[in-house]
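A.B. asks: Chain by chain, the residues run as shown.
Protein chains: 2
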Amino acid sequence: MTLAAQIHSMAQDAKAAARQLAVLPTPVKNQVLAAIAEGLREQQAVIQAENHKDIALAQQQGHPAAFIDRLTLSDKVITSMIQGLQEVILLPDPVGAVTSMWRRPNGLLVGRQRIPLGVIGFIYESRPNVTVDAAALCFKSGNAVILKGGKEAIHSNLVLSRIMADALDAAGAPPAAVQVIPTTEREAVVELLKLDELIDIVIPRGGEGLIRFVAENSRIPVLKHYKGVCHILVDAQADLDMAETVCFNAKVQRPGVCNAMETLLIHEDVAPRFIPRMFARFREAKVELRGCPRTCELDPQVKPASDSDWGYEFLDLILAVKIVPDLEAALAHIARYGSYHTEAIITENYTRAQRFLNAVDSSVVLVNASTRFNDGGELGLGAEIGINTSKLHAFGPMSLEELTTTKFIVYGSGQIRQ
Amino acid sequence: MTLAAQIHSMAQDAKAAARQLAVLPTPVKNQVLAAIAEGLREQQAVIQAENHKDIALAQQQGHPAAFIDRLTLSDKVITSMIQGLQEVILLPDPVGAVTSMWRRPNGLLVGRQRIPLGVIGFIYESRPNVTVDAAALCFKSGNAVILKGGKEAIHSNLVLSRIMADALDAAGAPPAAVQVIPTTEREAVVELLKLDELIDIVIPRGGEGLIRFVAENSRIPVLKHYKGVCHILVDAQADLDMAETVCFNAKVQRPGVCNAMETLLIHEDVAPRFIPRMFARFREAKVELRGCPRTCELDPQVKPASDSDWGYEFLDLILAVKIVPDLEAALAHIARYGSYHTEAIITENYTRAQRFLNAVDSSVVLVNASTRFNDGGELGLGAEIGINTSKLHAFGPMSLEELTTTKFIVYGSGQIRQ
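Chains as they are written, first to last, in our numbering: chain A, 1 to 418; chain B, 1 to 418.
Since the hints were made in silico from the structure, they are not lab data. These figures come from a predicted structure and were not determined experimentally. Any given hint could turn out to be false.
Heads up, the list lumps identical chains together, so a pair's fine if it works in one copy or across two of them.
Under the rule of at most 25 Å between Cα atoms (straight-line distance), these lysine-lysine pairs were calculated in the DSS-like manner [to be verified]:
1. K227 to K15
2. K286 to K194
3. K407 to K53
4. K227 to K407
5. K303 to K15
6. K53 to K286
7. K227 to K76
8. K227 to K151
9. K303 to K76
10. K53 to K15
11. K407 to K286
12. K286 to K15
13. K194 to K76
14. K227 to K286
15. K194 to K303
16. K407 to K76
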């Protein structure tokens, strides 16, 4: 069988499985998830033996320590995978809920009912724990999933795949509900992305290169975000203690993630008071500052920002800083350089808080809170499979509900159209 | 300026306009819609003079009478455009509504707020009245729209475009909120479909050829349906009077539309009783019947169906008929040949009604009502811009709410992530 035929056959099996999953009772779904957790616990040694094959190969190939770290299924990582499954078991099943229902003048009772999307293609890089996390969310929301992880994690992904298939099989659920593509060839992704008749959506997770590759090659709709260039505006009427705490958290707590702050905008009225204390704090934490000319004037130690620093996702302890004359200038900067991801204002001014919330075109807009809260768990959606910064279908973090859609159900009594 | 540059510039203007539209107050939007209606009324003679240029050219080119009819802006069509605008004025503005809000344990108040999608590309064929209908829905939902109608309607579309621009301008709204591409070249569509950084979604309306062309050339997500192959199942426990009335309505009332019935499935237990009365009624209305072998056995006048008749969208007074042994066989037939559009069951059996509603994977699933109700107006959504049979974003008819998305708004008091 050619690779193309193999991927096509997997997608056909997934589509057939999706029809069964759409009507699978919640207790059966939870039983499968519990059985996967049990399998991970019982077969921890087997999993780690396979994982060691991947690690050994990655070490031979000279991958850096951070890469090996992400690849490693340590005891701690396996425990957190098990906890993740237990959390998904506790989340309410979104499928079947009638979100609203109304009666038409002709007596028709019309409702919207949640249904799964169908088949999801999930394409990611080399963290094998993501294999189980993503599969659990797709499965609980009634979707079949085809997973393609990084080639360096193939042994780990295949043993996890076998444990999940066993759990599905034991509960009488279709094993094709969760499939891992058993090859490392990138061509498999290209073939998958052609199957718009069989696969409903594709979610890529990883670096900008992977995401652009998927978006450019896909005939299937892609839910994705390329990058998070998050801004915080410290307004003229900000509580400066709060501003300092929130900005420090947004930049320093975990600088390598998409919801970390990349550009700090400061209202000119507070800049002379705010900059000394904030920058001292940043310097303690070894944050490199790159400022606009006015920022550099106020603090000559700051390196001048280049044009390319605005709208840049550093993913590191580097911060661009700009002084703005007013809220509208800040909004214009965000409109030009933002990434539709996450923006926050720190202010005690009611009108400007409301104006910022209304005018900023980002998936999460916050007043007086850290950008780091753009996360499905933190916002109260439960676990998260990704963040979408295109506005179609789900804008922002995606959890179980975002992996569903609604159909119309109509109860009639013989109505015809006049 | 090249065509590509011209389309790019229009899209940039649309994106700039969309930012203003997103915060435009409802009364201003309604004022613009009323001014467009007034413009149509006042300039009816001018509109019809331009429309006659299109008609004369189409007649010279030998287009059939039905084509000329769709192209004609008669007094009646203009009156219905004005009524359409008045209906959109009365529809509630979806933008700004907070659809839900909840408090997190850390005190964050998190809500979902409706926002426009941004810029919509609308590509359609030669009914110039659609130009105003579609523009009104996009505008009321806060979206900028770029319209590309059929080349045969270009004079009509341009005069309508001018009337809409004048109305926008007079109210202080950005004229680039509604733009008609002022050229007949198909290359303009190809250029438009490349602009995924500027245009958020594309909605094509027309024949399957146009829709496939758009879907295959677009880098922007497309909301579409290729065809409607609607099925009705007459169950063993159907009220046969109701079945006859509903099936007749679904096939005959307007056979050329996407929500007309194309295949009738009949449970074997009622086939001998139902077929004679139903087929007599269909024959009176000159419906051509194409049946499975068992149908032909029961009524030898019926022409045998060929394989290609199953799942075929006749859009005409032709009906495929199949006798099925049970509900599950009907569901399997629909799963294989359906188009995710509209399916109905006629039954008095409670369990089978519920099973049908749950198991059928279509945008609208009905019990004891005609498939012709798959329509935004009939289901109570207000006017409709199209029907989506892909599950992403909006499954089924799309009206104002479906032209929006939600962002997260967060009210904090200094929260940081631990």
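A.B. asks: Compare the structure with each hint and give your call.
C.D. replies: Quick rundown of the hints versus the structure:
no., hint, in the structure
1, K227 to K15, "between (31 Å within a copy, 20 Å between copies)"
2, K286 to K194, "neither (46 Å within a copy, 43 Å between copies)"
3, K407 to K53, "neither (46 Å within a copy, 44 Å between copies)"
4, K227 to K407, "between (32 Å within a copy, 17 Å between copies)"
5, K303 to K15, "neither (55 Å within a copy, 34 Å between copies)"
6, K53 to K286, "neither (37 Å within a copy, 71 Å between copies)"
7, K227 to K76, "neither (29 Å within a copy, 52 Å between copies)"
8, K227 to K151, "within (23 Å within a copy, 40 Å between copies)"
9, K303 to K76, "neither (41 Å within a copy, 69 Å between copies)"
10, K53 to K15, "neither (32 Å within a copy, 51 Å between copies)"
11, K407 to K286, "neither (52 Å within a copy, 34 Å between copies)"
12, K286 to K15, "neither (51 Å within a copy, 39 Å between copies)"
13, K194 to K76, "neither (38 Å within a copy, 46 Å between copies)"
14, K227 to K286, "within (23 Å within a copy, 60 Å between copies)"
15, K194 to K303, "neither (47 Å within a copy, 39 Å between copies)"
16, K407 to K76, "neither (41 Å within a copy, 35 Å between copies)"
Going through the hint list in order, the structure does not satisfy hints 2, 3, 5, 6, 7, 9, 10, 11, 12, 13, 15 and 16.
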